[in-house]
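Asks: Residue numbers (full-length UniProt numbering), protein chains in the order written: chain A, 1 to 124; chain B, 1 to 261.
Rather than coming from a laboratory, the hints here were simulated on the basis of the structure.
Please note: incorrect hints may appear among the correct ones.
[Said to hold, decoys possible] 30 Å max Cα-Cα, derived DSS-like pairs, lysine-lysine:
#, chain 1, residue 1, chain 2, residue 2
1, B, Lys21, B, Lys37
2, B, Lys35, B, Lys167
3, A, Lys9, B, Lys167
4, A, Lys116, B, Lys37
5, A, Lys116, B, Lys100
6, A, Lys111, B, Lys167
7, B, Lys228, B, Lys212
8, B, Lys37, B, Lys23
9, A, Lys116, B, Lys43
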Amino acid sequence: MAAPPSAYKDRQFLAVIGDEDSVTGLLLAGVGHVTDPPDSQRNFLVVDQKTENSTIEAAFDRFTQERKDIAIVLINQHIADKIRHRVDTYTAAFPALLEIPSKDHPYDPEKDSVLKRVRRLFGE
Amino acid sequence: MSGAGAREAVFPTRQVLGQMKSKLKGAQTGHDLLKRKSEALTKRFREITRRIDEAKRKMGRVMQIAAFSLAEVTYAVGGGNILYQIQESAKQARFRVRTKQENVSGVFLPAFESFTTEGNNDFGLTGLGKGGQQVQRCRETYARAVETLVELASLQTAFVILDEVIKVVNRRVNAIEHVIIPKTENTIKYINSELDELDREEFYRLKKVSNKKERDAAAADVEREAQKKKDDSSDEDNVDEEGRMQTKDLLGDQDNEDVIF
Chain A
1 MAAPPSAYKD
11 RQFLAVIGDE
21 DSVTGLLLAG
31 VGHVTDPPDS
41 QRNFLVVDQK
51 TENSTIEAAF
61 DRFTQERKDI
71 AIVLINQHIA
81 DKIRHRVDTY
91 TAAFPALLEI
101 PSKDHPYDPE
111 KDSVLKRVRR
121 LFGE
Chain B
1 MSGAGAREAV
11 FPTRQVLGQM
21 KSKLKGAQTG
31 HDLLKRKSEA
41 LTKRFREITR
51 RIDEAKRKMG
61 RVMQIAAFSL
71 AEVTYAVGGG
81 NILYQIQESA
91 KQARFRVRTK
101 QENVSGVFLP
111 AFESFTTEGN
121 NDFGLTGLGK
131 GGQQVQRCRE
141 TYARAVETLV
151 ELASLQTAFV
161 ILDEVIKVVN
171 RRVNAIEHVI
181 IPKTENTIKY
191 INSELDELDR
201 EEFYRLKKVS
211 NKKERDAAAA
221 DVEREAQKKK
231 DDSSDEDNVD
241 EEGRMQTKDL
251 LGDQDNEDVI
261 F
């Protein structure tokens with residue numbers, strides 16, 4: 001049934017996986033957070049041409065499973081495409097996974113995992 | 001009969017019949033209530049999906065505007081250095097979310113609410129040399145964009161949770177409708193038939209017993225009659241020499257010996 005309040009009470013940050021521009025913009029809005037040393041972790045990952053898919057997956061897992069203080073994970077849609085199978089199989093309510101458009105890749109509602117589910121539910 | 005369909009393993013007694021009847025009633029009430037709950041949730045669900053659709057489109061526009069304002073920043077500052085500088089100077093989240101709950105027919109839907117903590121500003125010196133105005137404007141644009149994203153995220157979370165809850169509720173409704181109610185009805189039918197059977201058996205037995213009793217009584221009558229006749233005929237012999245008739249023991253306990261304490 002519905003998640004107990006303990007599952008989301010402490011979640012207060014947003015995490016970002018995106019290209020440089022998207023991450024920078026969101027950081028300017030003030031979402032960036034680095035946890036206290038010694039194990040300082042950033043809640044954002046900049047992906048460029050050279051970034052391996054395994055790195056993206058590791059960050060995705062860290063944001064969605066390990067860290068309990070993240071409420072929303074934002075991911076650029078073209079990066080979500082790289083790990084599409086992981087994104088599509090992710091169904092948990094917390095943290096919420098949100099695909100966002102990037103500067104170079106306009107938003108395509110057809111690919112969005114949530115909108116796909118919406119359409120499937122209504123049999124379109 | 002009792003063989004048709006699944007039924008519960010119970011003894012067919014009147015007490016169990018009463019229990020089953022109240023269970024059936026409870027199941028029907030529960031079914032009605034759950035059905036109504038499911039309908040209410042589905043209504044909410046459809047509303048949310050519609051809003052998600054709208055919000056996703058709005059997000060596309062907002063993010064485009066925000067990306068444009070960031071391009072302005074890089075242009076004004078001149079050089080890609082600013083992006084790296086911003087990434088490195090992010091330390092404490094100024095923009096955070098908190099969750100609050102909303103109750104939709106017994107289901108708690110969490111909703112995110114964004115708030116900005118005052119005081120810490122990681123980007124105080126960003127764009128100090130040039131482009132400070134653009135940086136400021138870009139921050140505001142992105143803050144608005146992130147608010148839209150947070151709104152969308154709470155809709156999406158509500159969507160995911162509602163989806164799950166509706167599935168569970170529908171499963172329950174179907175289970176009650178197609179399993180529990182027929183099963184209970186079958187059990188009631190079985191108990192009724194079984195009780196009827198017992199009634200018939202009992203009636204037949206009573207009839208048998210009364211028949212037997214009648215027959216025994218008739219036989220006893222005949223015997224008594226014969227005895228009487230025999231007694232009458234032997235009465236003459238019972239007159240003793242003094243001419244007295246030997247009296248018959250009226251209590252009929254001539255076989256019993258007298259008990260002497």
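Asks: Any hints this thing doesn't respect? Which numbers, in order?
Replies: none
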